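Can you make the complete structure from the sequences, with help from the hints?
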Amino acid sequence: MILVWIIGLLLCGGILCWLTDTWKAGYAKWIALASVVADGLIISALLVHFVTGTGPQAVSPYPAPQVTTPSAEPHAASPHAATPWLIDYRNTWIPSFGISLRLSMDGLSLILLSLTIFLGLLAVLSSWKEISERTGFFYFNLLWTLAGIAGVFLATDLFLFYFFWEVMLVPMYLLILIWGDSNRRYAAYKFFLFTQAGGLLMLLAILALYFIHGRQSGTYTFDYFAILQSTLSPTAARWIMLGFLAAFAVKLPVVPLHNWLPDAHSEAPTAGSIVLAGLLLKTGAYGIIRFVLPFFPQASTAIAPWAMLAGVISIVYGALLAFAQTDLKRLIAYTSVSHMGFVLLGIFAMQETAMQGVVIQLIAHGISTGALFAIAGMIKERLHTRELARMGGLQTSMPAMGNLAMVFAMASLGLPLFGNFIAEFLILLGAFPQYATLVVIASTALVFSALYCLRMMMRVFFGPAAPPTITPPTASAQQDIDSREWIILGLLCVGIVLLGLYPQPVMDLAKETIQQLTLNFRI
Amino acid sequence: MNELAYIPALPLLGFLVLALGGRRMSQKAVAITGAGSVCAAALLTMVLCGQFFGSGAVGAAAGHASPASVHYDLQLGQWFHAGALSISFGLRVDSLSLVFMFIITFVGALIHLYSTAFMRGDRDYARFFACMNLFVCAMLILVMADNLVLLYLGWEGVGLCSYLLIGFWYDSPANCLAANKAFIITRIGDTALLIGLFLLFKELATLDIAAILRQSPGHFRLGSPVITLIALLFLAGGMGKSAQLPLQTWLPDAMAGPSPVSALIHAATMVTAGVYLIARMHVLFQLSPLAMTVTAITGALTLLVAACSAMVQTDIKRILAYSTISQIGYMFLALGVGAYGAAIFHFFTHAFFKALLFLAAGAVIESLHHEHNIFRMGGLKDKLPVVYWTFLAGAASLAALPLVSAGFYSKEQILWYAWRAANGGTALWLAALAGAVITAFYSTRLLLVVFWGEAKTSVSSRPGRLITIPLIILAFLSLTAGFVEWPHNLLPVHLFSGFLQSVLPAPATRSGGETIGQLLAVMATLAGIGVGYQLYHRQPEIGIITRWQQRPLAAAIRNFLFGGWGFDRLYDTLFVRPLVSITRLNRADIFDQLYVAVVRAARTGHRLLSASQNGSLRWYAVGVLMGILFILTLLL
Amino acid sequence: MAVVNIDRVLFVAAVLFLLGLTGVLTRKNILFMLISIEIMLNAAGLAFVAAGSKWHQPDGQAMFLFILAMAAAEVSVGLALVMQIWHQHKTMDVEDLNKLKDE
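Chains as they are written, first to last, in the numbering used here: chain A, 28 to 550; chain B, 4 to 639; chain C, 4 to 106.
Note that these hints are calculated values from the structure, not bench results. The model shown is predicted, which means the values in this text are computed figures rather than measured ones. Mixed in with the good hints there might be a few duds.
[Stated by the list, open to error] Beyond 10 angstroms from chain B on every Cβ pair, some chain A residues (computed): (1) Thr49; (2) Ala52; (3) Trp57; (4) Leu60; (5) Val64; (6) Ser123; (7) Leu128; (8) Leu148; (9) Arg161; (10) Leu204; (11) Ile205; (12) Phe219; (13) Leu227; (14) Ala253; (15) Pro261; (16) Arg417.
[As the list claims (entries may be wrong)] Some, not all, of what chain B presents toward chain A, calculated at C-beta under 10 angstroms: (17) Gln81; (18) Ala87; (19) Ala141; (20) Glu159; (21) Ile191.
Here a beta-carbon is modelled for each residue, glycine too, at the ideal position from N, C-alpha and C.
Here is the structure:
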């Protein structure tokens, strides 16, 4: 039930934001903040419970018989004895079609849910001043996007999953369309078309699974755990997997399906960029881990080398493009392509170490890229530009921001001490024994990432200040970060360092899920 | 040994205090925090050294057989573990680490003291000390780590600090570019090192240094491709950090940073991280004769190439930078012939005299209104006597002046091993000998041009006591630090090699020729000094150089050497330009064209079809009729 | 009552229909086009009636009634539109009335 609360709070908070705004402006952001903080408290309680508790009290999401007849074989190693699931909630929704309201949480979901709320909080804070028009509707969209993302991380009913998948898409589209930058319309359409095309392919795949499972077992259901046990013919598995993969690969994004990302990221308002880069991309990775690999073990093993190749191409290609950009937000957007390539590489290495790295990378990338976008937003608020050519020498007037930006740039280029290093190290280390060549190529990204990060720092913060004719030295343009911005960046900074120095709790949380998953791929 | 953790923790604490509150602190408070933390770490290290000597290492030094290497271990906790991999924050200090720790903290403390005066009045005083403290911390972690991942953390950490400090005066784009260059070129080496780590983990399933050293002789066949590959990757890592051929181009540019930074990072400590790495992992190199040979050749080539460039530079700091590359080349040469102890010994003496030279150069530059060109200096002998005498000590040591300078003992040892060690050979020895002549030559040139002759720029300020005291201490050490290890045919004093013996084995040597070797080394030094004296002190009378400058061939050679053998230009055309132009061409993302094409196709189709919607009612009626007829024909 | 051959009736209906169609296609005046459409509708109605009597089913007649009603409605709407067109454009020529095309 607590899972429903988490999502419901966001949904209700969003509606409340919209409604109150019609009669009193200015309340919306407080309501949004309150609902996110309330969610944050719930999640923190869950985290404390499951991280420090006496070990996860796993709940078995599988049909009852195993639970009701434990006496038959009390110590038998039942295949589902150690389930990674921590909380399981189910209720009927549309029983005639086998659709239920089923939310389940395992370690991976909990980790990503925490990230969602964490970044959601910062997204709310970072739009505190930036959004001045239609604030109520803005926070409605923001909260509904967050709710959709949270739902995606929790849903274990395929129909519900698809429902949340769309819930996060439409408000995000509106966020870009209404509050975006000058080229927002183009970016919003592009984002919508790309993700929707992928989403529809996934819907087809879900329906195919639904009917195949129904025909096999006689019960037509969208339930994740039920479908998990159905067997597919290799051909069917391959095509259905490709359907799922299409949606997830667009979200991830994988080169050459990445083109929506730079436009959407650079045009979206700061909060939108943070949520896009920090969270939306993660749903793609989550989808692959949660659905593609368990549903289609053989088919994904067959496709693994190609997927990893795509990952490596993304890594290198994204890095090279990031190096060439002249627009700060576009630059950061392309670094996302590069970093998410590591995720793909790690997932399809199908190996425990690499998979642990993937989990860390999801969080580390969320934090570091979210922070860079937040900084880009702050710079834009001051200088009213995203062009690198119109910046320069900001370290002099904004030393604190410069130093924090240095932290995140270093995190982004994979310096040890920060979470990204742990992630990339584990991914590369895990994938190395089987795919040495790919890993070696991927490692060159360490050099390329240094190239683009240092170039960014040099252009924005170092060098001589941009001539006053280009950037008028107004008082507001010279201001260093204020306390609200300190909170945002400080929290992110602590997060990324903590992840770099003490990643073990995260890894322990995800461990059960990963081990269960990699069990399928022991050769 | 819980104090072990305090040694890196103190500078870390200093960094945290300065990074978080530095801008609100007075310069005095910053100086006390920054220099104080490193001085405290230095004191602790000395206490540790004392304990170490007391606990049996001395026995080894005195020649008694020491059953196991003496070392201190400290586990600070788990870092992360996943699958078969388990990494902890573990420190392990043995005699090799201790030598490095001593240099890092002791020389570091002196340089910090010097900096408190040198950097006074700088806008970013706190940032400077924060970075310096972080550097000391990272460097300590590098040499104290008990596993390769933690070592890598320190390894990258020092790279970060080097980057931050080279670009410390960030207003000038040249400084930023130099900083970027340093970081990126070393990153190439770092990436190689990382791949080596992966390969090593694949083979041995551990990244614990002690375990690797223990297991690899049993695991790898001597000279097998895998171990050669691993060793070469580690070597590439070392090349990047230690500015060895072909990754040496960043170090001369790195002189854009403040002089204390050059002294600490780009002379005494960080650039020798590669030496430490190879010495630490010498078991791997020992298993691969090919990697050893490559190391030795790299060292020999580097020392010659860099020394030749140092001969013709005009910027005082660039001379010292090339000289550093060249001296580290000696260390690599020693490592390559298996004389690990000799390499570390040279590191030990080099740290003193090169830090001294850089600090003295900084003092000179500072008192001459930031003048870098040595040919606009001159006549400083009387105006800056302390700087002159200390610089003289440093230059003597660099030139390896026989018997009275520390550099002589360490370099002589390397020369000897390059010739007579099992892996050594005449070619390597001759290269080293030639390098020694050139080194002596440019040291003399540097000293004479800067301090002798007539004054060309007026002295604006004289260094204060905080600057001269570190210089004097370092000068003393530059002259005397060599006495801990004597050539065995002169005096039976082998404190240094005895100290390291438990960690680093001595190479097998062919005996004979000691005296001849020493005589030749002495002659090389004296020849270099003599030529330098002839050319530069008596230059007005002889005027050889003026004549050379008029010859086109000589001038071309001079320019070639001056530009660092054209490496920069080569890399620029080979890598930088193609990369930049390709990425610039593709800035708009070629894949976007794919989708643009889809959009264009949709739009064209839309145009074609909408042409039929012409508003003419009768046209539509015909359309309907045609449609009906079409359907009817289909049906019938 | 003389039994009329169904074929002949259908032939007449077809001729009527074609006449109407030709009118729609060739006439330029919108009013005449409307009249032609009426003719086509009545042709269809005739075919219904004939078919109804052939199969002795009342559906044919019922259908004719529907067509009548629809024709009446169509004429009323159509004429009203024609009136409006005349008022606004002062023309009845469909060649000039092409404002609905895609710009």
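Hint check:
1. Thr49: Fine: 38 angstroms to the nearest Cβ keeps Thr49 of chain A off the interface.
2. Ala52: Ala52 of chain A is indeed farther than 10 angstroms from all Cβ atoms of chain B, at 38 angstroms.
3. Trp57: 30 angstroms, holds
4. Leu60: 27 angstroms, holds
5. Val64: For Val64 of chain A, whose nearest Cβ neighbour in chain B is about 26 angstroms away, the distance exceeds 10 angstroms, so it holds.
6. Ser123: Fine: 38 angstroms to the nearest Cβ keeps Ser123 of chain A off the interface.
7. Leu128: 35 angstroms, holds
8. Leu148: Nearest chain B Cβ is 23 angstroms from Leu148 of chain A, so the label holds.
9. Arg161: Holds, because the least Cβ-Cβ distance between Arg161 of chain A and chain B comes to about 30 angstroms, which exceeds 10 angstroms.
10. Leu204: The claim stands: Leu204 of chain A keeps its Cβ more than 10 angstroms from every Cβ of chain B (closest is about 18 angstroms).
11. Ile205: 23 angstroms, holds
12. Phe219: 13 angstroms, holds
13. Leu227: 16 angstroms, holds
14. Ala253: 31 angstroms, holds
15. Pro261: Fine: 29 angstroms to the nearest Cβ keeps Pro261 of chain A off the interface.
16. Arg417: 16 angstroms, holds
17. Gln81: At about 6 angstroms, which falls below the 10 angstroms cut-off, the nearest Cβ of chain A leaves the hint on Gln81 of chain B intact, so it holds.
18. Ala87: With a closest approach of 7 angstroms, the Ala87 of chain B hint holds.
19. Ala141: 9 angstroms, holds
20. Glu159: 5 angstroms, holds
21. Ile191: 6 angstroms, holds
The structure is consistent with each of the numbered hints, conforming to all of them.
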